[in-house]
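Peer 1: Taken in sequence, the protein lines are chains C and B.
Its first residue numbered 85, the first sequence is counted upward by one per residue in this note's numbering.
Its first residue numbered 840, the second sequence is counted upward by one per residue in this note's numbering.
Quick caveat, the hints were computed from the structure, so don't treat them as lab data.
Predicted model, so just to flag it, every value in this text is computed and none were measured.
Careful: at least some of the hints might be erroneous.
Here are the simulated distance ranges between beta carbons [to be verified]: (1) C:R634 - B:Q1000: 32 to 42 Å; (2) C:L591 - B:G955: 51 to 61 Å; (3) B:G955 - C:E366: 46 to 56 Å; (4) C:E597 - B:D869: 14 to 24 Å; (5) C:K583 - B:V888: 33 to 43 Å; (6) B:T868 - C:E597: 42 to 52 Å.
Each residue gets a CB set at the ideal place from its N, CA and C atoms; glycine is no exception.
Single-letter residue listing:
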Amino acid sequence: MEKLTVQTLSEMQQRLKSEFEASKKTYLLICGGTGCHATGSIKVKDALAGELEAKGLNEKVQIVETGCNGFCAMGPLMVVHPDGIFYQKMKVDDIEEIVTSHLINKKPVERLLYKDPVTKKFIPRHDEIPFFAHQMPRVLRNKGVIDPESISDYIARDGYSAAAKALFDMGPEDIVAEVKTSGIRGRGGAGFPTGMKWDFTRASKGDTKYVLCNADEGDPGAFMDRSILEADPHAVLEGMIIAAKAINSKKGYIYARTEYPLAISRLQIAITAAKEMGLLGENILGSGFDFDVEIYQGAGAFVCGEETALMRSIEGQRGMPRPRPPFPAHKGLWEKPTILNNVETLANIPQIIINGGAWYASVGTETSKGTKVFALSGDINNIGLVEVPMGTTLRSIVYDIGGGIPNKRKFKGVQLGGPSGGCVPEHLLDTPVDYEAIAKVGAIMGSGGAIVMDDRTCMVDMARFFMDFIQDESCGKCTPCREGTRRLLEILEKICDGKGVPEDIDLMLELSEMIKDSALCGLGQTGPNPVLSSLRYFRDEFDAHINEKRCPAKRCAALLKFEVDPDLCKKCGMCFKACPADAITWQKKEVAVIDKEKCIKCMTCFEKCKFDAIF
Amino acid sequence: MSAIRPQHPDISDDMWIKVDEIIDTNKNTDGSIITVLRECQGTVGYLPVELIDYISAGMNLPNSNVYGVASFYSLFSMTPKGRHTIKVCTGTACYVKGIKEVIIRIGDKYKVGEGGTTEDRRFSLEPVRCLGACGLAPVMVIGEDTHGDVSADKVIDIVDQYK
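Working from the sequences, and respecting the hints, build out all of it.
Peer 2: Here it is in structure tokens:
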């Protein structure tokens, strides 16, 4: 394929845009993210293609498999362009009806439209569904719109214009200045100003420098970076080219989680296409600037999200952090000056260069600019990917976008920042999305995982869960993290088992402070956060476990009696039907009885009972 | 190859040829040992000690170094796996939505512990870190198939299809 130059890139953009505008085609934008693939979108897509063929609509209708649309729980899903109609939970059997009714007779299939969980009304248009309407897509501007495996789709949306601008019209200082003006801070969690990081590395002496993209999205409950890579991989590559120009680097690596096969394959396709068209490799766009990118797959170690550990891993060693300084800006990968940015940070860069830092900074709060992507999940109606301006309240994310808590349950807390973060309770839900404001309430912005928990979640058990994660992922290099998190876990397990004593609380607090002060890297220093944050807001639950040997949320099996409260039991038989061990006896109009001999304490009856009658 | 291929019941001649190819492709690239281990594990199914020693010799790295890498990353296994690997996601969203009950149910039915393999080598049960498919929580992956929304009372029906 012929290599693009800055001139032919611009001509190609114009041509693609006018072709698209002149096109009278209907586009079926079917989501091809990991979530939708798992719910059967590939079969739906094939059925759709077959049906279009059968009805002779191939000329007029085109199927586009997009990256993650974001509304993951509703998959497989599809948006019809230009009507903007949103279909959800499609099955192969629905396809014939969609094609006949919608595409031929222009009548959308109502039963497959989004239904508001509160008003119970159908909302046909994609942009009117509250989940999408309250968002501000900047990083995610191409999600659900383009085919991530098609470089021309990206180019048609002004793709690689920012790289062209940076390579031809800007010097390294100009790029760094623009990024500084934007005020963007690292989206991986720590929130370090990106412009400053770039400036340090730019100023650092050395002929060989590296640009690294951290796609080792390890926080449980976080899938922002996966979705960006699956939906818009070229945006990340373009961000890396601009970063390379800013620090004069020739080589970049994307360190990606091996658990993300689809993201890796789309990235590889994007890299190959960009190289073929002269957008990566030697003499990019005829500018004389060379930059190449390679994917490096991780091997399942959470700590490799830490910058120095990630670099050790690329070098083929055990992914263990080292003390800083020297910072990677001076001694990073292979001891050379290196910048490491998160996927979301890099995906923001092209737009900062095109529209200017001031444009970017026009949205947000005093210290946190632009937008932030969250992965909203857990006990919430609208699970999915959410991009909001900084300053939006957590309440708005949970209720306006998330649609509140399902099954008439009560909100208990939202966990931000994964295992390094903390849980924000109900009375602090008006906290805005802002690095400092979130830190003030004891959580961290983190990379963007937001897990909503309802009143059936036991906070002691959650603290135990996170501590189990941290101690398991601790690399073992420094004692405070290796031994300290292990001891914290033991105490929490003891409390969940009903063997806690009142002194445990003070011991945990003391141990937590010590780990925070003395651990080597961010993993250890933030490791005790879930314990501290749960103790801060949910102390009563710890007290109930320790003093009354009671688990208020009924999650800790050791503290449950596995008995049925005859006053609360509605005699519905749900528990009887669900019990896998045949341990429950029940007859119509009679209270269920659990046989403790047969009971395996699997908790299924607790899940099934809508009346909280089992205790 | 300088090293002599050791005998191993789980490694066939074809596998050894593939292993040699992997080593040859990567031996001159700095930092490629993780890639080599991944691909060799993909070929053989796991990383027996004999294979690790062979790789070390081929890559001209100390055995201790390669063993250190193989034991550090959770992707690598030095014990054989079952025909089907059941990966249960233990991310936060899946935990909140009840993966614990799902794991108990599988363990109970097939008599397999977390990280273990059934006696007949039919299943390996592997709790894994967040798969990033939180929209489908709780999530389980068997082989290449992702199963979303797997409640404890549905899970055995799904797992039992894999013979």
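Peer 1: Indicate, hint by hint, whether the structure satisfies it.
Peer 2: Okay, the hints, checked on the actual structure:
no.: 1; hint: C:R634 - B:Q1000: 32 to 42 Å; result: 41 Å, holds
no.: 2; hint: C:L591 - B:G955: 51 to 61 Å; result: 33 Å, violated
no.: 3; hint: B:G955 - C:E366: 46 to 56 Å; result: 51 Å, holds
no.: 4; hint: C:E597 - B:D869: 14 to 24 Å; result: 41 Å, violated
no.: 5; hint: C:K583 - B:V888: 33 to 43 Å; result: 40 Å, holds
no.: 6; hint: B:T868 - C:E597: 42 to 52 Å; result: 45 Å, holds
The structure does not agree with the numbered hints 2, 4 stated previously, though it agrees with the rest.
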